[in-house]
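We have chain Y already, so just place chain C with the ligands on it with the hints.
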Amino acid sequence: MSKFLIVAEHLGGKLNSSTARCVSCAQAIAGAEIHVAVLSDAPEAVAAEAARIAGVAKVITVANAANAHPVAQVLAPQVAKLAAGYSHVFGPSTTFGKDLMPCVAALLGVAQVSDIMAVEGPHVFKRPIYAGNAIITVEAPSSMAVVGTVRTASWPAAGNGGAAAVEAASVDAALPSHTRFVSLQQGKSDRPDLQGASKVVSGGRALGSADAFKIIYSLADKMGAAVGASRAAVDAGYVPNELQVGQTGKIIAPELYVAIGISGAIQHLTGIKDAGTIVAINKDAEAPIFEIADFGLVGDLFQIVPELEQSL
Amino acid sequence: MKILVGYKRVVDYNVRIQVKPDGSGVVTEGVKLSANPFDDIALEEALRLRDKGIATEVVVATLGPADCQAHLRNGLAMGANRAIHVVTDQAVQPLTAARALLKLVEKEQPQIVLLGKQAIDDDANQTGQMLATLWGRPQATFAGKVEVNGDHATVVREVDAGLETLEVQLPAVITTDLRLNEPRFIKLPDIMKAKSKPLETIAFADLGVEAGDHLKTSHYAPPAKRSKGVMVKDVAELVSALKAKGLV
Ligand SMILES: Cc1cc2nc3c(=O)[nH]c(=O)nc-3n(C[C@H](O)[C@H](O)[C@H](O)COP(=O)(O)OP(=O)(O)OC[C@H]3O[C@@H](n4cnc5c(N)ncnc54)[C@H](O)[C@@H]3O)c2cc1C
Ligand SMILES: Nc1ncnc2c1ncn2[C@@H]1O[C@H](COP(=O)(O)O)[C@@H](O)[C@H]1O
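Just so you know, the sequences run in chain order Y and C. With the working numbering applied, the first sequence covers 1 to 312. With the working numbering applied, the second sequence covers 1001 to 1248.
The hints are simulated quantities; they were obtained by calculation from the structure and are not laboratory data. Certain hints may be false.
Simulated restraints on C-beta separations [what the hints assert, rightly or not]:
id: 1; chain 1: C; residue 1: E1106; chain 2: Y; residue 2: A68; range: 44 to 50 Å
id: 2; chain 1: C; residue 1: Q1069; chain 2: Y; residue 2: K222; range: 39 to 45 Å
id: 3; chain 1: C; residue 1: A1224; chain 2: Y; residue 2: G13; range: 36 to 42 Å
id: 4; chain 1: Y; residue 1: S142; chain 2: C; residue 2: E1106; range: 44 to 50 Å
id: 5; chain 1: Y; residue 1: F181; chain 2: C; residue 2: L1188; range: 29 to 35 Å
The calculated DMTMM-like cross-link candidates involving lysine to aspartate or glutamate, where the alpha carbons are at most 25 Å apart (straight line), are [what the hints assert, rightly or not]:
id: 6; chain 1: C; residue 1: K1243; chain 2: Y; residue 2: D235
id: 7; chain 1: Y; residue 1: K214; chain 2: C; residue 2: D1022
id: 8; chain 1: C; residue 1: K1020; chain 2: Y; residue 2: E33
id: 9; chain 1: C; residue 1: K1225; chain 2: Y; residue 2: E291
id: 10; chain 1: Y; residue 1: K199; chain 2: C; residue 2: E1237
id: 11; chain 1: C; residue 1: K1032; chain 2: C; residue 2: D1123
id: 12; chain 1: Y; residue 1: K199; chain 2: Y; residue 2: D211
id: 13; chain 1: C; residue 1: K1225; chain 2: Y; residue 2: E255
id: 14; chain 1: C; residue 1: K1245; chain 2: Y; residue 2: E255
id: 15; chain 1: C; residue 1: K1002; chain 2: C; residue 2: E1147
id: 16; chain 1: C; residue 1: K1020; chain 2: Y; residue 2: E167
id: 17; chain 1: Y; residue 1: K273; chain 2: C; residue 2: E1057
id: 18; chain 1: Y; residue 1: K58; chain 2: Y; residue 2: D235
id: 19; chain 1: Y; residue 1: K273; chain 2: Y; residue 2: D211
id: 20; chain 1: C; residue 1: K1103; chain 2: C; residue 2: D1067
id: 21; chain 1: C; residue 1: K1103; chain 2: C; residue 2: D1151
id: 22; chain 1: C; residue 1: K1216; chain 2: Y; residue 2: D211
id: 23; chain 1: C; residue 1: K1243; chain 2: Y; residue 2: E255
id: 24; chain 1: Y; residue 1: K188; chain 2: C; residue 2: E1167
id: 25; chain 1: Y; residue 1: K283; chain 2: C; residue 2: D1234
id: 26; chain 1: C; residue 1: K1145; chain 2: C; residue 2: E1057
id: 27; chain 1: Y; residue 1: K283; chain 2: C; residue 2: E1237
id: 28; chain 1: Y; residue 1: K126; chain 2: Y; residue 2: E255
id: 29; chain 1: Y; residue 1: K126; chain 2: Y; residue 2: E33
id: 30; chain 1: C; residue 1: K1225; chain 2: Y; residue 2: E120
id: 31; chain 1: C; residue 1: K1107; chain 2: C; residue 2: D1206
id: 32; chain 1: C; residue 1: K1228; chain 2: Y; residue 2: D235
id: 33; chain 1: C; residue 1: K1245; chain 2: Y; residue 2: E291
id: 34; chain 1: C; residue 1: K1107; chain 2: C; residue 2: D1151
id: 35; chain 1: Y; residue 1: K222; chain 2: Y; residue 2: E307
id: 36; chain 1: Y; residue 1: K222; chain 2: C; residue 2: E1237
id: 37; chain 1: Y; residue 1: K14; chain 2: Y; residue 2: E33
id: 38; chain 1: C; residue 1: K1228; chain 2: Y; residue 2: E255
id: 39; chain 1: C; residue 1: K1032; chain 2: C; residue 2: D1012
id: 40; chain 1: C; residue 1: K1225; chain 2: Y; residue 2: E286
For clarity, every value in this text was computed on a predicted model and none was experimentally measured. Ideal Cβ positions, reconstructed from N, Cα and C, are used throughout, including at glycine.
Isolated chain Y (complex conformation) (with noise of 0.2 Å):
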């Protein structure tokens, strides 16, 4: 039988929704029995939640000062140990699970399957390669565990409704401490969660300043949908970085996605292709985004968007 241990995403004593997503990929293999590791210097809120999760079985807490930031090569050790008698260790494909993953894995011994978007059987997985221009089925020997990150845009959020024992391990692993966190800094914003967002409204390359860039902001906030932006508006430094969406940025799968002057590069479509419905606005016919849209306006975006703010 399938035994998962997922590894929990948290930040400022909350749980990321990037969890119970990954509870629902373990779902996938049936029978599976899933269990959450809360690694933290207080995991007591986020244990609660994770044992609010309907199907999880049982969470591990493992409360360390040396935990209290994620720092991938102190979790590591410790997720190893507590990985033994799991035939998987899962966690979110998100950047909290890729700078982790790869470490447990490397310390198991074994390969990773990275971005799992199907399950086909409990070794068996299907994931993304060149920016989702192919689309793999991989297999993972039987033998060993299996380690893996789960594209967090591929799978809904396991629902709540769960009332699993918490447990607390104390874990005997020598933790490094060549690293030290310094700091932290998140973007402030009251609008929702780029990855959990039902809604996200993006901004490209052609709004052309961070003063302009305004217009989506207020559009976003009208629709109460999240804010989004192509590299281009990232590096041009309208937008900061966490906001970008794409193969290097954030893959996401609103129920609604609104490009507004983004071209629609493969690298950029690769994140929303998930997407429920797409809406794209560009003053260019011909721009590739309209190869994927829903719902296609081709016109001056200073002009629409004011417009469409006014409209809703």
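Below, chain C with the ligands alone, put in the same frame as chain Y:
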């Protein structure tokens, strides 16, 4: 201080990847190959650290087939002092790449290993983390800014929540994100100069790393296509279409 740079050759990022009709792979015959964009950024960062007098030597390393020499010469033309070519005809998976790079690290004793955060062919995003783990040294992945001060580096990392700063003791592994720098262009005279720079070749088998695929790929498929939608003529039509779907 010596810096080792992972310099992988991949299908150029502008190529539209085609999956072979029989699902056995993607078409790579005749397509343009280039340095992994993140590795160009890694090399550029290493060169800048040398320009600042912090590094003295920059070594680029590739694990790849025999015809990767021209690719390595590009790295030399960009400014690397030396190149190491680990020759193998097999596609190298991240765990194997990390084990092989560790052998080079043991031999070269670099203070910094700069890799890309991901190779844009396999999109694995694993090798740097695995190398740091096997080496027992710190990692700073997804670097947007690197400052080296004596025996440590301060790295600003691009994470989902924003910008995280870590201080790592050297030696360490750093993987690059897109905004770390903009790689320089190669100048013609440098291409000539690169021809006489040292390029060492090592047969993969001689590294003493266990080869073999860890993951078996059984099938390649094109991604699910989104059906082409409709063009609306104005904002009013767009709004009513979205209203009809209950999206606004
Ligand atoms: C390794 C690698 C990774 C990458 N990763 C990502 C990634 O994760 N995410 C990402 O987004 N990109 C990524 N890119 C970059 C990508 O290739 C494109 O360069 C980028 O997405 C372009 O951004 P853009 O669409 O905003 O700009 P452009 O391509 O310049 O498009 C601007 C668009 O705005 C339109 N426009 C201009 N003015 C107006 C106006 N007044 N009204 C309406 N429309 C207007 C134009 O017609 C054009 O279509 C990556 C590239 C590489 C090499
Ligand atoms: N075959 C290779 N040759 C040189 N460097 C490599 C190779 N494979 C991986 N790397 C390095 O590891 C990084 C991450 O690759 P990956 O884990 O495959 O996404 C790349 O950007 C390279 O710097």
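Do the hints match the structure? See the list:
no. : hint                           : in the structure
1   : C:E1106 <-> Y:A68: 44 to 50 Å  : violated, 33 Å
2   : C:Q1069 <-> Y:K222: 39 to 45 Å : violated, 57 Å
3   : C:A1224 <-> Y:G13: 36 to 42 Å  : holds, 38 Å
4   : Y:S142 <-> C:E1106: 44 to 50 Å : violated, 32 Å
5   : Y:F181 <-> C:L1188: 29 to 35 Å : violated, 45 Å
6   : C:K1243 <-> Y:D235             : violated, 34 Å
7   : Y:K214 <-> C:D1022             : violated, 48 Å
8   : C:K1020 <-> Y:E33              : violated, 38 Å
9   : C:K1225 <-> Y:E291             : holds, 10 Å
10  : Y:K199 <-> C:E1237             : holds, 19 Å
11  : C:K1032 <-> C:D1123            : holds, 18 Å
12  : Y:K199 <-> Y:D211              : holds, 22 Å
13  : C:K1225 <-> Y:E255             : holds, 17 Å
14  : C:K1245 <-> Y:E255             : holds, 10 Å
15  : C:K1002 <-> C:E1147            : holds, 15 Å
16  : C:K1020 <-> Y:E167             : violated, 50 Å
17  : Y:K273 <-> C:E1057             : violated, 43 Å
18  : Y:K58 <-> Y:D235               : violated, 43 Å
19  : Y:K273 <-> Y:D211              : violated, 29 Å
20  : C:K1103 <-> C:D1067            : holds, 22 Å
21  : C:K1103 <-> C:D1151            : holds, 23 Å
22  : C:K1216 <-> Y:D211             : violated, 49 Å
23  : C:K1243 <-> Y:E255             : holds, 13 Å
24  : Y:K188 <-> C:E1167             : holds, 24 Å
25  : Y:K283 <-> C:D1234             : holds, 12 Å
26  : C:K1145 <-> C:E1057            : holds, 20 Å
27  : Y:K283 <-> C:E1237             : holds, 17 Å
28  : Y:K126 <-> Y:E255              : holds, 23 Å
29  : Y:K126 <-> Y:E33               : holds, 21 Å
30  : C:K1225 <-> Y:E120             : holds, 20 Å
31  : C:K1107 <-> C:D1206            : holds, 13 Å
32  : C:K1228 <-> Y:D235             : violated, 30 Å
33  : C:K1245 <-> Y:E291             : holds, 20 Å
34  : C:K1107 <-> C:D1151            : holds, 20 Å
35  : Y:K222 <-> Y:E307              : holds, 12 Å
36  : Y:K222 <-> C:E1237             : holds, 18 Å
37  : Y:K14 <-> Y:E33                : holds, 24 Å
38  : C:K1228 <-> Y:E255             : holds, 17 Å
39  : C:K1032 <-> C:D1012            : holds, 6 Å
40  : C:K1225 <-> Y:E286             : holds, 19 Å
When held up to the earlier numbered hints, the structure conflicts with 1, 2, 4, 5, 6, 7, 8, 16, 17, 18, 19, 22, 32 and fits the remainder.
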